[in-house]
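Asker: Read off the chains here:
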Amino acid sequence: MSKKPKPSPFLKDIWRRNAVAYLFMFPSLVMLIVFNAYPIIFSIGIGFTDMTIYNITGGYKFIGLTNYQKLLSVYSSQIQYVLYKTVIWTVTNVALQVAVGLALALLYNSKDLFGKKIHLAIVILPWAMPGFTSILIWYGMFQTGFGSINQILRTVGLPGPNWLNNEWLAFAAYNITNAWLAYPFMMTVILGALQSISPELYEAATVDGAKSWHKLRHITLPLIKRPLLLATLLTTNTTFQQLNVQYLLNLGGPARLNETVMVFGYRTILTGNFYGLASAFLGLVLIIVLLIGFFGLRVSRIAEEAK
Amino acid sequence: MNWRTLARYFIHGMAFSFLFFVLSIAWVFAAISLVNIGALIGLVIGVVLLFLLVGFINSIITTNLWFRVRSRFWDLLFHGIALSVVLLALNGITISLPNFASPGIATSIITFVIAAFLDGFAAVKLAGYWRAECAPWIRVLRAEKMSGRRLAFALSKNALAIIIELAIIFPIVWIVSASFRSYGSLLTTTLQIIPPHPTLEAYSWALALNSPFWPALTNSLLVSLFTTGFCLLVASPAAYAMSRFRFLGKRPILYALIFIQFVPGLLMFIAFFYLLLFLKLYDNLFGLALIYVALVLPFDIWNLKAFFDTLPKDIDEAALIDGASYWGAMFRVVLPLAAPGMAVTAFFSFLTAWNEFALANVILGSEANYTLPLRLYALTQRDIATNWPHFAALSILSSIPLVIVFMVIQRYLRAGLAIGAVKG
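Residue numbers (my numbering), protein chains in the order written: chain W, 1 to 307; chain V, 1 to 424.
Only chain V is shown next, with the shape it has when bound in the complex (with noise of 0.2 Å):
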């Protein structure tokens, strides 16, 4: 992103609030005639108008500064009534709250450009993802000539996934709601989602220096990105040859990476135990990684060769041709097109090791050395003591990282899925 696009958003933002100011004049009088037409549909009417408003303004300036988009009545409206929820929100929390905490000149200038930036950027996506993903919509219901039933049929669809997502993200809610909570106010016998006093308690508490939460963050992240880097590095040479050269003992060694998958892994335990005393690294985060590398590189292994396996041979072997060595053509040619295998691999190498629980329970005796799974447990296994809201925020600090990095990387999720569904 270069200033000028910065510049674009900032100007989107400029033009779409004075445009809005000088309009919304001339929607207020339309407003105060259509009172007289009754109140409730003048209401109707009135809202309806002003998410008109809304649409209409933004794809207009869309129109003119980004990208054509389509103008029609639904169009409009929907645009209108998304913009509408998101620009409040957004103002709201760039321009009241500070304005509200230390009202100034100063403030609401900076406040002022802040949020016109953030108005821009958000007025453009969405007018992306409406041309992208709801337009495309409106535009099949129109063209099927539904009828009303289909109709109705198409719009019960929404609903009921909007209902099963209300339901399936309601565990991560209640969660959010009880980080803002004080101990006390949390143990009510009726449901409370939004806190009746909200405080960031137990947020000061998770991020204070002396707290918990540093040390265990601090042992899982050394823990986890060894395990990670450790075994990207060691796999993607085996995984490469793997997937390109036939050798002696290629089948036994690949069905014994698919036998060691299927052991469990508490059968090893207490031979890792032993391992680990027999090296000294009991009780060591060091040791502990390796263990992880353990349960981690056969399944790198498997996956990347799945992935190495979808790039045609004809690459790598022109680059050898060409006179590249082996260890070259892997690292120049192979590697940078398996980017989003090796992006998921090493994705999912992280996630096992940040979420292991078992062995690290067993393996790590001293509370300095305790990983994020083991300090939360912790946290929640004193009864009626036990303090969820700082369990609360701790897990959401936690998970915040990881949950963005999965949304990112989800799409190369999907596709490394299809491979591993279709070669088995």
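Just chain W, same shape as in the assembly (with noise of 0.2 Å):
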């Protein structure tokens, strides 16, 4: 430790301070006791009762593990499903905001663009906007007969599709409206980013006689490394829980095909008839979700090291 000439107020007495901490967070404490941790343990016990909207204030008994057995007899065909969708959704609308944030950002860091203040307050909008409004705008621009994107198509001169009444154009439409509204933030930390690299290193570059892509590729890109794979961690596990957009959009459909695992269980809770069996299924969902972030936080940790 350093060496100051006086202890440091905040260690001053092992037992007042400890005292003091405590009571700084005491009202945190019961908040976080009462209104998370008790639900979590709450609701994954619900996975082992038979639950339903109908004895939820009392004769709920617990069967086992009868909930589980279920999920993977009766509806394992229905959640391989999803969770195959899931991981589609996933994976392509994350790649989709890594590129499109990347793009953005490398361009809106350069310093030919003029009048930069104006751009980036118009690029970064989607963000400001709230996202539930943003959402139901797409879902009336994704409408057959008046939505503004059929009513371009037509003026191009293609034939205007039922968007979201097709398993993959309405997932296309899915993929378009989350990356419409996730973009910004991974465009805001990859130019905080870039705009911390020092401009020096790019001269002696150029000095050195190195290509733009060159420049790309050995400077900037292992130098945004870090926080890239931090955001692109926390973008997926949002990308992952998301549910608003789809189920605004067409409630996960059209006709279920859609549904990632969180449509599913909203849905599966909106029937009041099961609560014992989406908490059993979210359960396994949690399982999945502490994996990713388990091995997420790994692979940055790692990634760090290597550098």
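Hints listed in this document are in silico derivations from the structure and should not be mistaken for laboratory results. Keep in mind the model is a prediction, meaning the values are calculated, not measured. For every residue, glycine included, the Cβ atom is placed at its ideal position computed from N, Cα and C. Mixed in with the good hints there might be a few duds.
Once the Cα atoms are required to be at most 27 Å apart in a straight line, the calculated DSSO-like pairs of lysine-lysine come out as [as the list claims (entries may be wrong)]:
| no. | chain 1 | residue 1 | chain 2 | residue 2 |
| --- | --- | --- | --- | --- |
| 1 | V | Lys-157 | V | Lys-125 |
| 2 | V | Lys-157 | W | Lys-225 |
| 3 | V | Lys-280 | W | Lys-116 |
| 4 | W | Lys-225 | W | Lys-61 |
Among chain W residues calculated to face chain V with C-beta under 10 Å, some are [claimed, not checked]:
| no. | residue |
| --- | --- |
| 5 | Phe-24 |
| 6 | Leu-32 |
| 7 | Pro-39 |
| 8 | Ile-40 |
| 9 | Val-87 |
| 10 | Ser-148 |
| 11 | Ile-152 |
| 12 | Gly-283 |
Fit chain to chain and form the complex, with the hints in mind.
Answerer: Structural data, given as structure tokens:
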């Protein structure tokens, strides 16, 4: 430890220090225990009961691992499908967000841009709009008749498809909407990282005769790797858990064909008949989320050490 | 902003109008003689001269009243083009519209005074923006002695950026356009961005006393403000303790906070439902707000801790050695310094509560309790009978305040994200 003439007041007296810290945290801890810890434990517990909306106030009973057995037998094919859709959704959308965010950050970091503040204010607008409003606006734009996307297509001379009624077109619509909502976060993080790179590095590379591609490959990307990986990890989590986009656009449809685990869980809860089953299912999802988080942190730490 | 500044804006606007009036007479004569050279080339030179004139007048006045601005050819030209567009739009709204609506000497005088203020204000802001942002750009271009290829590259980047931005704001443009339409005129098969018969019907519906907008807005504001205020109040001491003290169980608590943020909110829905039934707060805004606190609090503590960590410990140590209590050191020294972090955290808490749909959809049963997301969603679920202009007006009215606040705090946001990215 550092050699200071006076001990820091934060380290003075171990009892007092602990007492004050817990006093400061007391209201938060109460809230966290009542409204976070208790619900998490309770929900996992519900997974072992036969709770429905009709017996939630009393009368539900412990049924052991029956829910999990059902999930792995009766609902097995349904769950496999939902998981498969979730993986495709997460992978394509995160890739889309990273690609758009990186491309835009590189473009908007250029010093050739005229009136940068105005450009940035416009390009960040999707973030400033309240999310549910944007989703519903996109819902209007994807309508078959008066939806502006089909209007544009017709102007160009293409037939306007029924976007939300075809499995893969609806998937594309969900992807476009979520990418529009989420790219500003990615772009802002990367832009922040780009701006912290010292211009001398590029000058030195130019003197050495490096092409702009090489500069991107060997200077820019290695230096923004860490914030990029962290932002990707965060956005993977939020994209995986995205519920509003699919639900507000077409209830994860058409005909439940594009349901991710979250939409599936939400719709199961909404019917009110299978609280126990839904909790068991979400318990499994929690395990997946934690695995993603754990491996994500591992990967970003390894990447950092390799640097 | 004091009265002197206001007066200077007014003087700026008046001086601009006067000089423009006098010099435009000279411009008319010049333009007449230019037509003799040839129609097209004369027109081009005449328009360029007009822009130069506008830029020139504004740079003279700005240099004398406020600050020095560069006045080379390209500066004057671009500055003039931008200012002409702004002034045309501004004067169109402030002078032409009212005088058209109710002609009269009083209207003319009032609108002229107001327009002089606004023109002066816009001209100064534009000159300042020019000096800070755009003039350096031209300086860089000139200093690098750009080759034609390099210049073309730079210009194409600008063009690309503008095209991308047009695509990005298209949904917003569409919804603004839809809000000025009547129900029938939206249902066309071809794209018309500018409505053929613009009407304010949707806005007058949305702002009428008995419209569903007001209760939904009140509900959303109540829930979101309660969530934000309560979370900040509870989270800031906790974040302060986590940032400053070394205590037993700090690491487990920090890991628990990360863990909670990774847990899907959906998992807790049934438990929330159960908890609210138990507390007799089901279908109740206060109950919903309590749940939102639970969703937001872990993020708030974590985020505020990251902000407090960036402030050196020495400042509050000094306060403590001078005899302040821990509480005083936090409230008087650290919180004021962390104001940007508090603002960002508050805004995100507000936004989370404001945007939440799934949980409100489960918990709020009665229509009187609907928050804005539920109200807007209900509005769009009527298939062919969905009144999109009404939806458009509602969504614009409810978004504008948030967009403005977001734009104001976005520079803090970038700082906060940088911290988050560095800290992990």
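Asker: Between Lys-157/V and Lys-125/V, does the CA-CA distance stay at or below 27 Å?
Answerer: holds (26 Å)
Asker: Does the nearest C-beta of chain V fall within a distance shorter than 10 Å of the C-beta of Leu-32/W?
Answerer: holds (6 Å)
Asker: Would you check the hint for Lys-280/V and Lys-116/W, treating anything up to 27 Å between C-alpha atoms as holding?
Answerer: Measuring from Cα to Cα gives roughly 53 Å; hence the hint is violated.
Asker: Would the stated hint for Gly-283/W survive a check requiring a Cβ distance to chain V of less than 10 Å?
Answerer: holds (7 Å)
Asker: May I ask you to test the interface hint for Val-87/W with respect to chain V, counting a Cβ-Cβ separation under 10 Å as satisfied?
Answerer: At 16 Å from the nearest chain V Cβ, Val-87/W fails the 10 Å test, so the hint is violated.
Asker: Under 10 Å, Cβ to Cβ, is where Ile-40/W needs to be relative to chain V, so tell me if that hint holds or is violated.
Answerer: holds (6 Å)
Asker: For Lys-225/W and Lys-61/W, compute the direct alpha-carbon distance and say whether it is at most 27 Å.
Answerer: violated (51 Å)
Asker: Would the hint on Pro-39/W stand, with a C-beta cut-off of 10 Å toward chain V?
Answerer: Result: holds, 3 Å to nearest chain V Cβ.
Asker: Are Phe-24/W and chain V close enough, Cβ to Cβ, to be under 10 Å, as the hint says?
Answerer: Nearest chain V Cβ about 4 Å off; hint holds.
Asker: For the pair we were handed, Lys-157/V and Lys-225/W, check the Cα-Cα distance against 27 Å.
Answerer: holds (25 Å)
Asker: Hint check: is the beta carbon of Ile-152/W less than 10 Å from a beta carbon of chain V?
Answerer: holds (6 Å)
Asker: Taking the closest Cβ pair, is Ser-148/W under 10 Å from chain V?
Answerer: holds (5 Å)
Against the hints set out earlier in the document, violations occur for numbers 3, 4 and 9.
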